[in-house]
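From first to last, the protein sequence lines stand for chains X and Z.
Here the numbering used here is used: the first residue of the first sequence is 1, the next is one more, and so on.
Here the numbering used here is used: the first residue of the second sequence is 1, the next is one more, and so on.
Hints listed in this document are in silico derivations from the structure and should not be mistaken for laboratory results.
This one's a predicted model, so the numbers in the text were calculated from it and none came from an experiment.
Among the hints, a few may not be true.
Identical copies go unnamed one by one, so any copy, or any two together, can satisfy a pair.
Capping the alpha-carbon separation at 27 Å, the derived lysine-lysine pairs in BS3-like fashion look like this [what the hints assert, rightly or not]:
1) Lys408 x Lys340
2) Lys408 x Lys372
3) Lys9 x Lys174
4) Lys199 x Lys372
5) Lys89 x Lys30
There are 2 protein chains.
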Amino acid sequence: MSIEQLLEKRERLLGPNNPLFYDEPLHLVKGEGVWVTDADGRRYLDCYNNVPCVGHCHPRVVDAICRQAGELNTHTRYVHVNILTYAEKLLATFDPTLNRMMLGCTGSEANDIAMRMAKLWTGGEGIICTNATYHGNTDLVMRLSSLFGPTDDQTGTIEMVPWPDSYRALNGLKGEALTDAYVAEIDRAIERFSQAGVKLAGMLVCPIYANEGLPNIPDGYLARAVAAVRAAGGVFIADEVQSGFGRTGRLWGHEGQGVVPDILTLGKPMANGHPVSAVVARGELIDHFRSNVMYFNTFGGNPVSCAAALAVLEVIEEEGLVANAESVGRHVLEGFNALKARHDLIGDVRGKGLFFGMDLVLDRDRKTPAPKETSRVVNEMRRRGVIMSSIGEHGNVLKMRPPLPFSKANADQLIGTLDDVLGDL
Amino acid sequence: MSIEQLLEKRERLLGPNNPLFYDEPLHLVKGEGVWVTDADGRRYLDCYNNVPCVGHCHPRVVDAICRQAGELNTHTRYVHVNILTYAEKLLATFDPTLNRMMLGCTGSEANDIAMRMAKLWTGGEGIICTNATYHGNTDLVMRLSSLFGPTDDQTGTIEMVPWPDSYRALNGLKGEALTDAYVAEIDRAIERFSQAGVKLAGMLVCPIYANEGLPNIPDGYLARAVAAVRAAGGVFIADEVQSGFGRTGRLWGHEGQGVVPDILTLGKPMANGHPVSAVVARGELIDHFRSNVMYFNTFGGNPVSCAAALAVLEVIEEEGLVANAESVGRHVLEGFNALKARHDLIGDVRGKGLFFGMDLVLDRDRKTPAPKETSRVVNEMRRRGVIMSSIGEHGNVLKMRPPLPFSKANADQLIGTLDDVLGDL
């Protein structure tokens, strides 16, 4: 079937406005490691997909799924060892205060639970998030997700603060003054809640502010923001759905920022594409939630999901993928910074492990966002066999998050192709 | 590891109040067809699990998952044929007005979307549900789910109506008068919304009222209830998460009730345990939702999920499982009615296809619910190798929903064991 026929069928069966990448959409049929192949047999270097974090169709994960799917797949109202083995292994990677786990199927479900857990624990309702984010798609979680349009929340329980942008910095500030200014925005949000008589429940942010555009976070900002929230009686929910599982060159996105979340949520790469998500939290918060809410998730924590998730953790460990993300990530950043020296369109280069943002601008002094050019770059890269996407408040940040087994050779192909595309623009 | 050690680990890693079946919880290790096996090698006849609807670990479904998981598993921002093949096959089973599909991972997600879709379409907020139900676990959907405790909804947008119980019938009524009385309750709910200035969005119910206790629905009730809702500007959402995919001896639970939903939701058995759910609706409702909400679900509609779901539909068709549910279901009902003649504890026997409710009472005249005895029966059946559970407003309805390949021989084991247990009680 031609791509045109497939697209017609898609619109007819699934309706309009189903997000689709690229002016010439890709019809993929195969994935392997960092490569995907389309229906014409053409291979693309995957610089976008963080979900298949240990590589597309990693045989260890596929085997784990097949073996367990052929043995038993049932809900957690029976005892099964897989969920316990997984919980022990996963929880051992966190600060010891984060000692309980709940499993679901999607990051949205995890954030929905996390918000309710924070509200129940604190007795508050108010949630602080940033002004350009996305945390998922349930009715509750969508109230935070302003990145794709107005959230139309009329409950008065959401306060959005400016995300900690050190490139288009608040009032042009720098250094500690910039950190002070962004922390003051948290204080102001707390004050607005207070004046409206809304008790604070907590703050929910991605610890690397990935959807906002992956900024270089002003020094000490996150720890100070969290301290302000806690001082006002709220808890800190870290949405690690994108930042988790080695993506940043550390196992968790909050590591190295001097702060331990009260609750954190996991998803996307957790089982390499098999639908699994988690809420990890301080025991007392999970116990309080569980004691007050009859929460049961039919598919959550089933033996197949847990086998897949366990295989992912094992592969990350055995193949040294966190260290690879760190070292290849540094190599990519060096390459991108070299590109910046040659291409004026590149306003800012950002990276953490194997997660990169490249802020494209029309004018380096004014930092005028270049969303059209960003779209052209993304589409031209696809034509030249390298897939990525864009993100950010202004839609002008190239977003790159290849599978973690990304090699230096893969990196050089990405850098070289991007150099050519920027040169030909 | 002993069951005691596993339970200790479970409490420590997952927290308290994780629902678990039976006084002596089952540690299952294997499933095959209608059988599950525990860690000691003991086999149990599965009369409970509707999720593995074509049988535990059906080789066709396992193969479909393995094959696709080894080929490609990615989100729907690329074109893939599996979701389109599945959509065509699934939609062909419904009334032609139900012509669009959205895929997610859990029934909760599907009902969350369905409620928002109804609200967006009608411009209303008010949802009618029953007073003893469960539709899922997101913040929004939990507001309807009063079966496991108070919902504590303070939005004024939920009206609960008495579920259509023809056993403990409203005011002791019968026949058309009973239908009239339950429909009048819908009218009253609409009137309460109207007086409170809440515009009606719709009614969300399971078309067989499974969680309420699977009643013999008063003649013509559902169609008249839906007509009342539509006349007041609302839409009808059928939650077919339990009633779908052949369970009732028809493919869909709403069939034969003289009504076509505007929106319906699917889940649990949809992919035999692989996390897949769907919203199916009239095209204009999905198009309106999609045009107003940037909805994207990372795992929803991935090629592996669609391969699994497609295999389930094919197996249901090829193995004649709907007809089997109908004929074996009738056999079970006959057997249960024979038991009722011998055991006074049985107040009422209900069944639709391979979904059975048996209402246990202390006193047949007063119909006094017997929840303690119900629990004893469930636990004693488990000891004798047949697993089931209980449900209903009073916790006194034996709940049985075996995998669809349940045979007459399986049925006779169920009936015989239940006869023995009731005799020994």
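Taking the hints in turn, this is what the structure says about them:
1. For the identical chains of this complex, lysine 408 and lysine 340 are intra-copy neighbours only, at 19 Å inside a copy versus 73 Å across copies, given an alpha-carbon limit of 27 Å.
2. For the homomeric pair lysine 408 and lysine 372, neither the shortest alpha-carbon distance inside one copy (30 Å) nor that between copies (66 Å) is at most 27 Å.
3. Taking identical chains as interchangeable, the C-alpha atoms of lysine 9 and lysine 174 are never at most 27 Å apart, the minima being 52 Å within one chain and 49 Å between chains.
4. Neither within a single protomer nor between protomers do lysine 199 and lysine 372 lie at most 27 Å apart by alpha-carbon distance, with minima of 42 Å and 42 Å respectively.
5. With identical chains, the CA atoms of lysine 89 and lysine 30 are at most 27 Å apart between copies only, with a shortest distance of 23 Å across copies and 31 Å within one.
Checked against the numbered hints above, the structure violates hints 2, 3 and 4; every other hint is satisfied.
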